[in-house]
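Asks: Those sequence lines, one after another, are chains S and D.
According to the numbering used here, the first sequence is numbered sequentially starting from 1.
According to the numbering used here, the second sequence is numbered sequentially starting from 1.
It cannot be assumed that every hint is accurate.
Pair by pair, the computed Cβ-Cβ distance ranges are [to be verified]:
#1 S:Gln724 / D:Gly10: 32 to 38 Å
#2 S:Thr557 / D:Gly10: 47 to 53 Å
#3 D:Gly29 / S:Thr557: 35 to 41 Å
#4 D:His24 / S:Asn722: 37 to 43 Å
#5 S:Glu209 / D:Gly10: 28 to 34 Å
#6 D:Pro83 / S:Glu209: 54 to 60 Å
#7 D:Ser72 / S:Leu674: 49 to 55 Å
#8 D:His24 / S:Leu832: 34 to 40 Å
#9 S:Gln697 / D:His61: 19 to 25 Å
#10 S:Leu674 / D:Arg37: 26 to 32 Å
#11 S:Gly540 / D:Pro83: 37 to 43 Å
Interface residues of chain S toward chain D, partial, derived using beta-carbon atoms under 10 Å [stated by the list, open to error]:
#12 Leu151
#13 Ala152
#14 Glu155
#15 Ser159
#16 His239
#17 Arg262
#18 His643
#19 Arg829
Quick caveat, the hints were computed from the structure, so don't treat them as lab data.
Glycine residues also receive a C-beta, built at the ideal position from the N, C-alpha and C atoms.
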Amino acid sequence: MSGQSHRLPSGGRIDRGRPLRFTFDGRAYTGFDGDTLASALLANGVRVVGRSFRLHRARGVMSAGLEEPNAIVQVGRGALTEPNLKATEVLLYDGLEARAVNAWPNAAFDLAAVTGLFAPLLSPGFYYKTFLWPRWGFYSGLIRRMGGLGLAPREPDPSRYEKAFETCDVLVIGGGAAGLAAAVEAGADGARVILVDDKPELGGAAIGETDFAEVEQVLGARPETRVLKRAVALGWYDHNLITVVEDLTGNPGPRQRFWKIRAGRVVLATGAYERPLVFPGNDRPGVMLAGAARAYALRFGVAAGRRAVVVTNNDQSYQTALDLLDAGVGVVALADLRPEAGPLAEALRARGVQVLAGHGAVATHGGRGVKAIDLAPLDGAGQRVRIACDLVCMSGGWNPVVHLFSQSGGSVTWDPASRAFVPLTWRQAGEATGDAAAAKVPVGGPWSMAGDGPAFVDFQNDVTAGDIRSAAQEHYVSVEHLKRYTTLGMALDQGKTSNVNAIGVLSQILQKPEPRIGTTRFRPPFSPVTVGALAGRRLGDLFHGLRRLPAEAEHRTGGARLEDYGGWLRPAGYPLAGEAEETMIRREVSAVRKGVGLYDASPLGKLVVAGPDAAEFLQRIYANNLKTLAVGRCRYGLMLDEHGAVLDDGVVMRLAANRFLVGTTSGGAGRIGLWLEEWLQCEWPDLDVVVENVTSQWATVNLAGPQAGTILRALGLDAVINDQALSHMAFSDGLIDGAPCHIARVSFTGERSYEISVPADRGAALWRACLEAGAASGIVPFGVEALMRLRLEKGFLHVGVDTDPTTYPEDIGYGRVGRAKVEDFIGRRSTLRENAADRRRRLVGVQSDRAIGVGAHVLGADGMSQGWITSAGFSPTLGRYVALALVEEGASRHGETVTLFDRGARSEARLGPLCAYDPEGARLNA
Amino acid sequence: VLLIPCPHCGPRAEIEFHWGGEAHVVRPGPHDAVSAREWADYLFGRNNPKGVSAERWRHTHGCRQWFHLLRSTESHEILASCPIGESARLAGAAE
Chain S
1 MSGQSHRLPS
11 GGRIDRGRPL
21 RFTFDGRAYT
31 GFDGDTLASA
41 LLANGVRVVG
51 RSFRLHRARG
61 VMSAGLEEPN
71 AIVQVGRGAL
81 TEPNLKATEV
91 LLYDGLEARA
101 VNAWPNAAFD
111 LAAVTGLFAP
121 LLSPGFYYKT
131 FLWPRWGFYS
141 GLIRRMGGLG
151 LAPREPDPSR
161 YEKAFETCDV
171 LVIGGGAAGL
181 AAAVEAGADG
191 ARVILVDDKP
201 ELGGAAIGET
211 DFAEVEQVLG
221 ARPETRVLKR
231 AVALGWYDHN
241 LITVVEDLTG
251 NPGPRQRFWK
261 IRAGRVVLAT
271 GAYERPLVFP
281 GNDRPGVMLA
291 GAARAYALRF
301 GVAAGRRAVV
311 VTNNDQSYQT
321 ALDLLDAGVG
331 VVALADLRPE
341 AGPLAEALRA
351 RGVQVLAGHG
361 AVATHGGRGV
371 KAIDLAPLDG
381 AGQRVRIACD
391 LVCMSGGWNP
401 VVHLFSQSGG
411 SVTWDPASRA
421 FVPLTWRQAG
431 EATGDAAAAK
441 VPVGGPWSMA
451 GDGPAFVDFQ
461 NDVTAGDIRS
471 AAQEHYVSVE
481 HLKRYTTLGM
491 ALDQGKTSNV
501 NAIGVLSQIL
511 QKPEPRIGTT
521 RFRPPFSPVT
531 VGALAGRRLG
541 DLFHGLRRLP
551 AEAEHRTGGA
561 RLEDYGGWLR
571 PAGYPLAGEA
581 EETMIRREVS
591 AVRKGVGLYD
601 ASPLGKLVVA
611 GPDAAEFLQR
621 IYANNLKTLA
631 VGRCRYGLML
641 DEHGAVLDDG
651 VVMRLAANRF
661 LVGTTSGGAG
671 RIGLWLEEWL
681 QCEWPDLDVV
691 VENVTSQWAT
701 VNLAGPQAGT
711 ILRALGLDAV
721 INDQALSHMA
731 FSDGLIDGAP
741 CHIARVSFTG
751 ERSYEISVPA
761 DRGAALWRAC
771 LEAGAASGIV
781 PFGVEALMRL
791 RLEKGFLHVG
801 VDTDPTTYPE
811 DIGYGRVGRA
821 KVEDFIGRRS
831 TLRENAADRR
841 RRLVGVQSDR
851 AIGVGAHVLG
861 ADGMSQGWIT
871 SAGFSPTLGR
881 YVALALVEEG
891 ASRHGETVTL
901 FDRGARSEAR
911 LGPLCAYDPE
921 GARLNA
Chain D
1 VLLIPCPHCG
11 PRAEIEFHWG
21 GEAHVVRPGP
31 HDAVSAREWA
41 DYLFGRNNPK
51 GVSAERWRHT
61 HGCRQWFHLL
71 RSTESHEILA
81 SCPIGESARL
91 AGAAE
């Protein structure tokens, strides 16, 4: 079964012995190994391969590379489907399934094409003129259905994506003749060279004509040279960092690899893209770039048509026409926009090709593909000629591919002969070579031709020469404004085939030289890239690695529900079978208040600050006076930032005269450790102090409740733990089973409480030992949620929850902190400023018989917000709802009844002191 | 995506570093000898040069040391770097 009506009898870099079956829009076809989807479709005579984005016009393959604007397809199905691929880049494989995007039910018969009938209504800027508030919601639904391109897969992507980092002396981008020569030269003396090329085969524009096997062998034999095929350079960033996505589809292992390559020097060998010509009907399927028609013939052995007409503005196309004839593609005529025909005109005439100088195209005819073209003299003197054809090869000259160069900060200059932007000044170490470096072929004639029907400039977004004229009439004359107004160059292809034509057409309309129209800057990525490649392995559990508790297995055994709290996987609580969350919290809270609870406090930040100047250093860091802290004692301390706002809080222990253990908020140890380091290194390098984050070196449990002492004694510690020595805010060192342990008598629950720390590898054993020792007393493990409720009853604030970066110590009831100190400390000068005029939000307790929501607003008499609830919950101890709130002058409004506003609902609550339970602190020694 | 020369570890990718703002900002003090204007200048006054900028960077995912760096905000070119406390070395490079 051949069915490949347009396959030439010979030629091309395809393996005719290996036929591959594939489907397009549900119909079955056959191609050969070595085909792209585009070449295989052309070989099968398929002309309509897609629909344009705005007008749903039928479109055919226009190019043979990644500049393709028309043949946009969805490949594969299910979780592996990939939208918006260019058929010119999709390598054919057996069983490939592809669909045209933006067309329903298929590209050949698209119902939405009726919008084409309304084309006159869809003027440039129609987005801005039509889709206005308040009806945007109505339009957006329509647009999303009509305008969408491909569909993202709904299932998780089962493929693997990898990232790679590399450095090299020379990075060559582009594996055509110029790039290969540059790579051979650069690596000759052993330099590290990487060559990247987007195609599966090296050779670029000369694939199928020149044999590069020998060059590839030379490069392959060099240990310091690496060649990446099917790899597209996407971005050129500062200091010569280039990102590359390598397609590995079809190979075992990852689907794509995302490279970040730091290059000493970059050689840009990206070649040039042929420009379309702007003439009426230039988007009809069967109209393609002349170079593409040639590539399909020579590289794939495909005749894109049997009767071709060439329309051109340069000499190169004459050779292209000869090459097509040699390959077996019929060429009947060549129209040259320039008044004089090119030097090869006679050679073409000798082979029966009609050559018409000074002629342009004014119309094309045909339903689903071009059947004839009308050519006419551009000076208006003479008749239009209609020539039957099934292929129009157009050539408007070449644009050096300067996208990456522009990204790197380079500036371009206009070359009037070739009418293209070429690299001028370089900001990063590199150079251009081959067609990317310089104007390729001189061109002539007008930028656009008038005639019957629209002449397209941007094929994917349906921007015509007429649209550009309309925009210019509405004074959108800057190229940046033109782009935003008409959406020119904003489609998937990012204007690869349209930008320069647009500048030319605009210059023709405005009668202004092209360089004065200007060009838009290019941004990464050069070509669309899948999000999977950017994400790499950072997905699911690896997206944000959680820190684990040493006793995690014990928690799981105990039925803990584990959650992410500040980057740690911690027990939220230990629900009994079928127990609801709130019931669990109340049970755990009551257990701590009445008996004893056990809590894993390991994530509590622990920083060792040691050295002869440790006390002096902390005196400068903390608002509190720490020089007076006795060895063996603990003190609650506040750290401020230089603005005087509360940065962190925690308990500081003086382990020895020159050694402190600084406690930070859970999850805050890293941040605070770096904060201390910054002051030490940058501001006070003369202080002899070291800071070490030891958080994860220790496992810490908290025994809390009136019976905590009983359990502590039952643990059999070799340490002094009597109430006299180990009073509230004291600590003691000792041994447990021969290992060191610290016991600190500190409390975040308001109950008698002991924090026991052991080396992390003893954490699980300690947890088990505590449960065992407490079994007779009915010890209850409790989680973060219960702890938060316990501290809420006590009015203990949680920095970052009950404070924000504008909260001063005086706002949370620590107005006197540091006042008695002699020395300066961080933020002290800011605490001295006059705030008399402010109505500051200050932390206050709130109580109500009705539920209080976190984030609820506290309303003033005028109905305006005076602040908000920062923490809230039901207090099982008090039998009512308690909360903390930052409210304007809240601290001096105790007893006042206020209105809370929570998502539309209002309720009453009473302001009061922060501490709702045991304000005298009697429970600490119960 | 800058390539930053850590004075201790050599050239490393920008993702390993944290930017710490302008270098050589002198902290006025002690607290009771600082005018409101001086303090406000210290808290909020920063240069925003188009051209060479002296900055403080930390090699967070490396030696964790702070150092000084001269960088052009215009071209992103890095002119010099040195450990904190050896900033005299930067003075020559800035010229």
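Asks: Grab the minimum C-beta distance from His239 (chain S) to chain D and call the hint holds if it beats 10 Å, violated otherwise.
Replies: holds (4 Å)
Asks: Let's test the interface hint: is any C-beta of chain D closer than 10 Å to that of Glu155 (chain S)?
Replies: Since chain D brings no Cβ nearer than about 31 Å to Glu155 (chain S), farther than 10 Å, the hint is violated.
Asks: For the range 32 to 38 Å, tell me whether the beta carbons of Gln724 (chain S) and Gly10 (chain D) fit it or not.
Replies: violated (57 Å)
Asks: Taking 10 Å as the limit, does the beta-carbon of Ala152 (chain S) come near enough to a beta-carbon in chain D?
Replies: violated (28 Å)
Asks: Does Arg829 (chain S) meet its interface restraint, that is, does its C-beta lie within less than 10 Å of any C-beta in chain D?
Replies: Status holds, d = 4 Å.
Asks: The hint says 47 to 53 Å between Thr557 (chain S) and Gly10 (chain D); measuring C-beta to C-beta, is that right?
Replies: holds (48 Å)
Asks: Taking the least C-beta to C-beta distance, is Ser159 (chain S) closer than 10 Å to chain D?
Replies: violated (25 Å)
Asks: Checking hints one by one. Is Leu151 (chain S) an interface residue toward chain D, by the C-beta closer than 10 Å rule?
Replies: violated (33 Å)
Asks: Note whether the CB distance of Gln697 (chain S) and His61 (chain D) lies within 19 to 25 Å or breaks it.
Replies: holds (20 Å)
Asks: With a cut-off of 10 Å on the beta carbons, see whether Arg262 (chain S) makes it to chain D.
Replies: This interface hint holds because 6 Å falls under the 10 Å limit.
Asks: Return holds or violated for the Cβ distance of Gly540 (chain S) and Pro83 (chain D) against the range 37 to 43 Å.
Replies: holds (41 Å)
Asks: Taking 35 to 41 Å as the stated bounds, is the beta-carbon spacing between Gly29 (chain D) and Thr557 (chain S) within them?
Replies: Distance hint for Gly29 (chain D), Thr557 (chain S) is violated at roughly 54 Å.
When each numbered hint is compared with the structure, violations occur for hints 1, 3, 4, 5, 7, 8, 12, 13, 14 and 15.
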